[in-house]
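Guided by the hints, dock chain B onto chain A, whose structure is given.
Protein chains in written order, with my numbering: chain A, -9 to 252; chain B, 7 to 805.
Bear in mind the hints are in silico, worked out from the structure with no lab data behind them.
Predicted, not measured: the structure shown is a model, and the values here were computed from it.
Every residue gets a Cβ at the ideal spot worked out from N, C-alpha and C, and that includes glycine.
Misleading hints may appear alongside valid ones.
[As the list claims (entries may be wrong)] With the C-beta cut set under 10 Å, the calculated list includes, among others, these residues of chain A facing chain B:
#1 18
#2 75
#3 81
#4 144
#5 158
#6 163
#7 167
#8 182
#9 184
#10 187
#11 248
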Amino acid sequence: MNPVRAGVLAGLTVVAALAVEFGPLALSVPGGLLLAFVLPGLAINDALFRPGRRDIGVVERTILVPALSLAVLVLGGLLLWGAGGSLNRTSWMLVCAVGTLIAIGVAVYRTHTAATVAAAAPAKAAGERRTISKQRLIRDVLPLALAGVMLAGVGIWSFADSVQTYDVGVTSLSAAPPGAVDPAGNRSVQVTAAGLSASGGPYTMVVTGTSGEELSRHDITPDTDGDWTGRLTVPADERVTVDLFRAGDPTAIRTLIIAAAA
Amino acid sequence: MGDQPTSDRKRAPEEATAKAADSRPDETVVLTRLAPEQRDGREEATQKLAEPAKSSGDETVVIRPTKTPSADDTVVIRATGPSKKRPAGDDTVIIRLPQAPKRNTAAGAARKRSAGDDTVVIRLPGGPKPKSPGPNALSTVRKRAAGDDTVIIRLPQAPKKKVAGRVVVDKKVAHDETVIIRLPAEAKPEPRTALDFGWAPWVIAVSTLGVVLMALAYAGGRAEAPWAMSAYWAGQIIVFSPVVFRLLSRLAGVAESFVLVMGLALNQYMLKWMYSPDQFRFPDELQHWLATTLITESGDLFRQNNALPPAVHFPGLAEMGAGLALLTGLPVTAAGTIVAGVAHLIFVGLLFATVLRASNSPAMAGVACVTYATAMHYLFFNSMFLYQTAALPFFMLAIWAYRRWRTGGGRKFFALAVVGISMTTVSHHVTAFALVATLLLLALAELALERPRPWEALILPAVALAVVCCWIGFVAQDVIAYLEAPVERLAASLNQMFGGAASEEAGATKPVPLVQLAVQGMGLLGLLVLFLAVARDMILRKDRDTWRWAALAGGAVFFAGNGARFLGTNGPEIAGRLSTFTYIPMSIIAAIAIVYAVQIIPAKDADGRRWLSVPPPGVAVTTGRRLAGQVYIGTALITLLMIGARTGGWPPVSALLPGPYLAAAYERSVDAFGVDAARWQERTLPREARVGGDITAVALSSTYGRIDPVREVGELFYATSWTSAEDERAQELAVNYLVVDERLGDMLPSNDAYFQDDPMAGRITEPLSDTQLGKFDQVNSISRLYDNGTVRIYQMGPS
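Looking at chain A on its own, in the form it has when it is part of the complex (with noise of 0.2 Å):
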């Protein structure tokens, strides 16, 4: 590896790391990438296979880079957990960016160390630029473009058609697990109906006891997100049904069935 692509290369993971770190979602969202997919096994890769060698191919060499980065945020992160180690952000960054830190540094003392190969490297570096001509854009880059636009559009077409189609409103009407039998021979019960609709509103409350009498009466008023909560003291001894019933509804439209004190 020559320097100014080591350079370069340590130059990019420590931006992504402080990108992932402090970054903004727009900023760390390619940061991340780059050290989960990208930057690891480009600077291992590079360890490995120094340039001027041609004992590895452009398609072992292009598979490698996310395998071996995926491997370093594994095994890594296994490393760092056995060593005691917590796996958050920063602890992943680190072990993402300083595996790769490492590697260029390895990259580029094997560089040193073989000065034939680094000799020749700038040569082959040269040798192998390219320009894109006007008719590998059309023959290349224009329907690879093309793809490109048409798999974007019909992911986001495709997401949102998802969506929109399972975004059912979900009205519902529950309790939590009844609390103690109080000295009254009561219980509280946390009741909350959810996903009321102001049109569909107002909202009433029944609680009955075992042999049908009403106990109690409650309007609901939904917030606006329509969602109401709310205590009941219901008598411990009674098997009591809870019904919702929408305005003008004789139908509850939900029911609770709290039952009786052991």
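Quick look at chain B alone, frame taken from chain A:
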């Protein structure tokens, strides 16, 4: 794999002569190439064959090697005699050495080639009698040059430039019919020159149109549009077949093949993702979503995961997902989707790289990859956010590195193989076992075929075995108990099939639709024919390529594993999961057969033997109409396999499209009502609460709900009244809560069972009744604590 079987179907008389000559190695043109490791990028071997002496009266070109400078791989074939006019489309080149028996010109009629027959037979080293595997021998793993097997000769055309990774006519001199066949000077997987993507970008663009069509199909499915299924199949074929067609044309170089394969993999991953792009819905994905979330929340590994306890000790995937989620700040679902996609692409890329290294044929590598894409679980299971998805790329990494290490790559490849083994081991148990078995198979094949026996080949399998045993022995002991259940089920099914034992699952298997069975059967039959053809070819030519034999053995295991699909209700699933591994060698075998046009029905030899006739050594270079026919047939076969995989794989046919709720249909059963109920559990119930329900309820409760699932609650649901027996059963199961989905009373289960370990599996003829589902409301000791109109949650026993 560079020593290919040859097709001599419809052999022309001239070729028949060539075949006779082929029996004598010294009468065959041998195009030699050096291994990439031996060249090390600095040497290029040139073998120039010249000084022709033309036979009279025909077009036989006599070639005599004149010099062998070691600088190039160019082979010059020169015909100085009077040029005889060929029939239109007749591009046959017969290469005969001077020692070859002279053709009987009297047999003129017999010698006349039929128009359109463009076969050129060139023999590569590694024929039936490899005496000493020299540096150029293709028949041994370590010393074989991984040469490009695609040879394209365009006689009448203008000189063309060498394209990466393939052989073309470099120059043709009009006056003396000199044809210079330039072999790849470097038997390397990539070209030195600028990457030539060929037609790949356009083919991928066309394939992407299929993705668009699939998106429409999925949207139509969600809206229950009647045209959605037609769009689905059209989309699948448009995504898949153009890539297959291009790869089978054998015109694609390394870069083009690689782009095609990766583009197809990406497009197919899009098909998986678009099925449910907003959230994970498959239960196993949800289980791993939870495992990943636990790491992001706690910073700890090996945290208890009630949804899938064994996954706790294989944290590879969860680490990847959690690491990416934490590094990027993305939600776990988004991070998991990216991780699964990248892992899937790495796997395909490494499969390509491995086959490319083994064959040095981009056509072989490409066709093997697209054939593998027809594996039953390739599209969904193997690209889902599951721990196997994380393990598969490293499985292939280990195989690839093993190959490179055994072919003289050195210690760095050994180290990479160890990394691959380690990653596989910490990611997925079954994949780790498969890796040990595969490495052992490769090593044993080498030991069996090579002399002196390379005992060092056993080192890596031993390392893999040691790593796997250590991990299971010290970290993941519970995996043994976990794997016992499917093994016992399989054994019971085998016992039922071969031992005549009565099955408790009698009648539990829903008959597979005839069309589906026919498509799958035809595909399997096609593969079997190819497998047998390659096996016959290898046996008769006394092939000694260790990797090819290993692939053949793996292919045999594939067919044996396919038998498992007939073993009870879990048969198809077991067969599909097995095929994840066994289909790799089968794909390679299929690629050998298709790319090299192995004889399916061999011609009779001089003794009148057909099936025992020794195949002609060398490479069949097919052009013209025969090639076109092979491309069409090959494309049709692989497309048929793909269709069979879609109908027999995952999701099941009834749920190929996303859509409204279906009972017990996994992805199709996850909707807002179930998720809301699970979220309530997560907010309200203690983590140690044990909750039972149908398949979907348990999956959601144990993941989004984060409670302890109880799966065997079918009896409690099927009872028409709550008696002391149900009470006892509930206590026995220690179930605290039951999730009851009213829709179980509206429809039959899509998958033969409402519950895991369903006592009525396969025998359910009508949905659960109102009495069965409503009895819980009549029991004094049971509370209904949650109701969203569709899903109810009951607390068992007084609180």
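Right, here's what the structure says about each hint:
no., hint, result
1, 18, "holds (5 Å)"
2, 75, "holds (8 Å)"
3, 81, "holds (8 Å)"
4, 144, "holds (4 Å)"
5, 158, "holds (4 Å)"
6, 163, "holds (5 Å)"
7, 167, "holds (5 Å)"
8, 182, "holds (9 Å)"
9, 184, "holds (8 Å)"
10, 187, "violated (13 Å)"
11, 248, "holds (5 Å)"
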